[in-house]
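Model the full assembly from the supplied sequences, consistent with the hints where possible.
The primary structure of each chain is shown beneath.
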Amino acid sequence: MVAAAGVAAVVAFVNLVNSGNGIAWSFGAWLVLGSSLLVALGGALLALHLVLSKGLRGLMAVLVLLGIVGTGVAAYFLTAWILLVAMGVALVGWLIHVAADPSPLD
Amino acid sequence: MKIARTAATSAALTLIFTLATPALAQQDSNGGQSPQAPQYGVTDEPGDVSEEGASTTGSEAAPGSQDSGSQSGASQTGEEQDAAGQGSEAGQDDEASQEAGSDQQSPGLTSQPTQGGGSVERPVGSDAAATQGDEANTAEARQPQKPDAWMQDPNSWATFNGDLMAQKYSPVDQITPDNVENLEKVWEYHTGDVSDGSGDIPTTVWSATPLFVNDTLYIGTPFYRIIALEPDTGKEKWSFNPDARLEALTQPAMKNRGVAYWQAENPQEGEACQKIVYIGTMDAKLYGVDADTGKPCETFGQNGMVDVNQWNTVNDKWPLSLLQAPTIYHDTIFLGWAGKDWTDSAAPPGTVFALDAKSGELKWMFHALPNEVISRTGTANVWASMSLDPERGLLYIPISSPSPNYYGGDRKEELPLATSVTALDTDTGEVVWSRQLIHHDIWDYDTVAPPTLVDIQKDGQTVPALVQTSKQGFIYVLNRETGEPIYPIEERPVPASDVPGEEASPTQPFVDKPAPVIGDDWPGVSPLADAVSFGECSRRAEGYRWEGRFTPPSLEGTIAYPPTTGGSQWGGGAVDPTTGIYVVNSNSVVQIYTLIPRDEFEQKSQDGETSGYYAQGDVAYGFKLETFLNWAGMPCWNGPYGTIAAYDLKTGERLWNEPFGQVQKYGFYMPESWGSVTIGGPVITKSGLIFIGASMDSRVRALDLKTGEVLWKGLVDAPAVSLPAVYTYKGRQYVTFVVGGNTILLPKVSDQVVTFALPE
Numbered sequence: 075m076v077a078a079a080g081v082a083a084v085v086a087f088v089n090l091v092n093s094g095n096g097i098a099w100s101f102g103a104w105l106v107l108g109s110s111l112l113v114a115l116g117g118a119l120l121a122l123h124l125v126l127s128k129g130l131r132g133l134m135a136v137l138v139l140l141g142i143v144g145t146g147v148a149a150y151f152l153t154a155w156i157l158l159v160a161m162g163v164a165l166v167g168w169l170i171h172v173a174a175d176p177s178p179l180d
Numbered sequence: 054m055k056i057a058r059t060a061a062t063s064a065a066l067t068l069i070f071t072l073a074t075p076a077l078a079q080q081d082s083n084g085g086q087s088p089q090a091p092q093y094g095v096t097d098e099p100g101d102v103s104e105e106g107a108s109t110t111g112s113e114a115a116p117g118s119q120d121s122g123s124q125s126g127a128s129q130t131g132e133e134q135d136a137a138g139q140g141s142e143a144g145q146d147d148e149a150s151q152e153a154g155s156d157q158q159s160p161g162l163t164s165q166p167t168q169g170g171g172s173v174e175r176p177v178g179s180d181a182a183a184t185q186g187d188e189a190n191t192a193e194a195r196q197p198q199k200p201d202a203w204m205q206d207p208n209s210w211a212t213f214n215g216d217l218m219a220q221k222y223s224p225v226d227q228i229t230p231d232n233v234e235n236l237e238k239v240w241e242y243h244t245g246d247v248s249d250g251s252g253d254i255p256t257t258v259w260s261a262t263p264l265f266v267n268d269t270l271y272i273g274t275p276f277y278r279i280i281a282l283e284p285d286t287g288k289e290k291w292s293f294n295p296d297a298r299l300e301a302l303t304q305p306a307m308k309n310r311g312v313a314y315w316q317a318e319n320p321q322e323g324e325a326c327q328k329i330v331y332i333g334t335m336d337a338k339l340y341g342v343d344a345d346t347g348k349p350c351e352t353f354g355q356n357g358m359v360d361v362n363q364w365n366t367v368n369d370k371w372p373l374s375l376l377q378a379p380t381i382y383h384d385t386i387f388l389g390w391a392g393k394d395w396t397d398s399a400a401p402p403g404t405v406f407a408l409d410a411k412s413g414e415l416k417w418m419f420h421a422l423p424n425e426v427i428s429r430t431g432t433a434n435v436w437a438s439m440s441l442d443p444e445r446g447l448l449y450i451p452i453s454s455p456s457p458n459y460y461g462g463d464r465k466e467e468l469p470l471a472t473s474v475t476a477l478d479t480d481t482g483e484v485v486w487s488r489q490l491i492h493h494d495i496w497d498y499d500t501v502a503p504p505t506l507v508d509i510q511k512d513g514q515t516v517p518a519l520v521q522t523s524k525q526g527f528i529y530v531l532n533r534e535t536g537e538p539i540y541p542i543e544e545r546p547v548p549a550s551d552v553p554g555e556e557a558s559p560t561q562p563f564v565d566k567p568a569p570v571i572g573d574d575w576p577g578v579s580p581l582a583d584a585v586s587f588g589e590c591s592r593r594a595e596g597y598r599w600e601g602r603f604t605p606p607s608l609e610g611t612i613a614y615p616p617t618t619g620g621s622q623w624g625g626g627a628v629d630p631t632t633g634i635y636v637v638n639s640n641s642v643v644q645i646y647t648l649i650p651r652d653e654f655e656q657k658s659q660d661g662e663t664s665g666y667y668a669q670g671d672v673a674y675g676f677k678l679e680t681f682l683n684w685a686g687m688p689c690w691n692g693p694y695g696t697i698a699a700y701d702l703k704t705g706e707r708l709w710n711e712p713f714g715q716v717q718k719y720g721f722y723m724p725e726s727w728g729s730v731t732i733g734g735p736v737i738t739k740s741g742l743i744f745i746g747a748s749m750d751s752r753v754r755a756l757d758l759k760t761g762e763v764l765w766k767g768l769v770d771a772p773a774v775s776l777p778a779v780y781t782y783k784g785r786q787y788v789t790f791v792v793g794g795n796t797i798l799l800p801k802v803s804d805q806v807v808t809f810a811l812p813e
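Heads up: the sequence lines are chains A and B, in that order. Going by this note's numbering, the first sequence opens with residue 75, and the numbers climb by one from there. Going by this note's numbering, the second sequence opens with residue 54, and the numbers climb by one from there.
None of these hints come from the bench; they were simulated from the model. From the three backbone atoms N, C-alpha and C, an ideal C-beta is built for every residue, glycine too. Each hint should be verified, as a subset may be incorrect.
[What the hints assert, rightly or not] Cβ pair distances, simulated, as ranges:
id, chain 1, residue 1, chain 2, residue 2, range
1, A, Val166, B, Glu289, 48 to 56 Å
2, A, Val163, B, Leu708, 42 to 50 Å
3, B, Lys238, A, Val163, 54 to 62 Å
4, A, Val88, B, Gly596, 47 to 55 Å
5, A, Ser127, B, Thr760, 53 to 61 Å
Below, the structure written as structure tokens:
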């Protein structure tokens with residue numbers, strides 16, 4: 075999940091600065107760059123169990139899921155297909171994380 | 054995903070129509086206007102020029118004899134009300150014109166009334182004056198003309214519309230539906246003439262068609278430079294800079310729709326200006342430069358420049374902006390102009406100029422409005438491209454609506470040439486026939502596109518046809534020799550005005566075949582926009598006046614569908630002359646027209662609420678224009694917002710009609726089924742392809758002419774709001790797009806010229 079979000083952030087950055095791709099420097103490109111970074115950050119917090127409170131872990135997991143889905147939807151409307159695939163992988167990671175470690179959602 | 058997509062789509066659309074549609078409304082009327090644009094006062098340059106012109110030409114006016122009245126093909130049959138009205142009105146206006154004197158007449162020129170209340174001025178003793186006459190003004194009496202040979206090369210793209218007949222058709226067939234997917238960018242060039250409006254120079258709106266002729270690609274820029282490029286590499290050959298005024302004198306933006314080209318019948322080797330490229334400017338200057346060197350032609354006007362504003366002598370509140378590339382035929386330049394409407398009641402009355410291509414001298418000047426009304430109205434000008442039948446010598450002009458555009462209580466005369474398509478004799482400027490498309494226009498339904506001329510096979514006969522698209526969404530198919538409808542045009546009753554002082558026409562011309570580009574009823578309230586606004590859209594819709602097409606503007610607000618931004622715009626359509634298949638793109642937009650009593654309007658002005666409010670001079674009502682949006686800026690009507698359709702002109706049947714393009718905002722693309730508002734037009738090739746930019750998603754596309762399916766699309770720097778050029782050079786077919794962008798579609802401007810071809 076963290077790796078996929080990290081890759082997504084790199085892709086989103088390339089989309090942001092690569093003039094001529096139709097979305098460069100647009101609000102949408104900035105948005106997905108920011109959201110990808112936040113997903114990576116949230117994923118890292120979950121993966122490293124840095125969030126001690128059970129409630130906070132659950133909240134973080136939900137926020138990360140919203141970030142993945144939202145970034146994926148935004149990527150779809152930006153026609154940023156690599157970013158969309160990365161978010162798909164991140165979603166799989168999130169599911170594995172929840173399945174393997176149900177504590178965040180306890 | 055579907056819900057998310059819908060929600061995101063709605064959110065992204067929120068501001069699009071807030072910004073785009075009102076701006077589009079400003080843009081296309083008479084070429085656009087802006088309440089913020091500096092007023093071009095009579096004491097400024099145009100006035101000086103006008104006076105100077107008057108003092109230097111200084112001869113006594115000599116009104117000519119009255120024309121023989123109605124020769125309209127339509128009035129000959131007496132079948133059409135408008136034509137009949139025109140016939141009688143023409144006679145009245147001719148008479149009235151003589152009684153009224155010569156308000157529009159310039160010294161040194163003779164004035165001759167022509168049909169429909171119009172008139173023609175010519176220099177005393179000119180050839181045109183000598184050849185004028187009633188007998189020559191009939192289809193039977195007209196001598197066949199010869200097209201200019203240099204314009205007949207099938208490999209070239211020598212005019213704004215590809216050819217004089219505005220077919221926008223290329224007979225080349227190297228790129229086909231089967232191989233178009235392999236199309237690749239060959240080169241791109243950046244002119245440097247671009248502004249996003251953040252600095253001193255207004256934003257640029259660049260809609261030039263590149264011309265390929267004389268083995269060179271000629272480009273006009275929104276800073277009014279001419280650039281000559283090598284067609285296969287994009288390498289610059291030369292450029293010409295007139296150092297034009299870069300000010301929004303009549304338009305809210307720096308605009309240009311390209312250049313025109315002329316060459317002598319037998320160019321003399323080594324002699325300058327045997328081939329000339331022309332460009333007009335915002336402040337009414339027409340430049341002519343040598344097509345091989347880019348140097349100004351000393352023999353053209355004064356050192357290569359004709360100041361067209363010298364003939365702007367009536368209601369000269371602003372200059373006659375020369376933004377549209379002129380039309381050229383038989384050593385003559387035909388020139389219309391763009392101005393600024395919605396702000397004035399009396400404005401410069403519409404004129405078309407015929408100038409000598411070599412010297413720039415005036416041959417004739419056509420006036421569309423009769424003298425007796427010009428103290429109360431104006432415009433009815435020709436700001437779009439024109440078309441020309443080179444074998445018949447007829448010039449077809451799309452005439453816009455008169456000012457003030459949304460209230461006609463002070464101009465109740467019929468004004469038969471206003472909002473019409475009119476055929477002029479290229480030699481004399483006289484009206485050969487005219488067909489009014491809107492009576493007493495109070496919707497700003499300017500005739501905006503050049504009519505497409507094509508011979509069609511119908512009922513076993515070859516019919517010389519003319520196809521006129523319109524803002525009102527009708528497609529008029531006429532016999533271009535007579536103006537008679539090929540498919541029926543029916544006068545039908547329309548709603549009366551309920552505004553004190555206004556008298557809307559009791560009938561308007563309707564066309565059922567070919568099917569209008571938009572539906573008869575407005576698209577209805579969008580459930581999504583209505584839900585987001587908690588029923589605001591529905592409540593407002595119920596409060597507005599809507600009684601079908603041609604519901605007049607009202608005090609409570611009228612649903613205008615199509616409005617001034619709707620239907621088909623200046624790009625017009627394209628036709629395959631071998632099959633009679635005609636293609637046109639169109640917009641589906643809903644706006645609200647509200648007239649505001651002068652007292653209230655002044656109060657609003659004092660409150661500073663000027664956005665969307667237009668003075669219309671000193672008539673009884675100001676005007677408020679708004680796009681039908683909810684509080685969130687979402688369109689309150691159902692899509693699609695833009696489509697492209699194909700028709701078989703032989704039968705009048707519509708073959709297909711598809712949403713075209715994609716809306717883009719903040720980088721997000723909306724569903725293809727929603728389509729996009731478009732600016733620009735299509736081009737057809739013999740191989741069965743349609744090339745078109747026009748959409749707001751910064752794509753240029755190739756479509757299958759048979760189905761409308763998108764076969765290829767390429768990403769460019771901004772919306773390509775122009776017509777592409779298709780040509781062959783050294784055996785290779787190229788497609789060149791000018792990519793200028795238009796802030797009314799997207800806040801994205803560009804100076805890109807990009808050319809595509811198949812791999813070598």
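Each hint tested on the structure:
Taking 48 to 56 Å as the suggested C-beta distance range, the pair A/Val166 and B/Glu289 conforms, at roughly 53 Å. The beta-carbon spacing between A/Val163 and B/Leu708, approximately 45 Å, falls within the hinted interval of 42 to 50 Å. Restraint check, B/Lys238 to A/Val163: a C-beta distance of roughly 32 Å breaks the suggested window 54 to 62 Å. For A/Val88 paired with B/Gly596, a C-beta distance near 50 Å keeps the hint of 47 to 55 Å intact.
As the Cβ distance of A/Ser127 to B/Thr760 is approximately 60 Å, the hint placing it in 53 to 61 Å holds.
Violated hint for the displayed structure: number 3, the only one.
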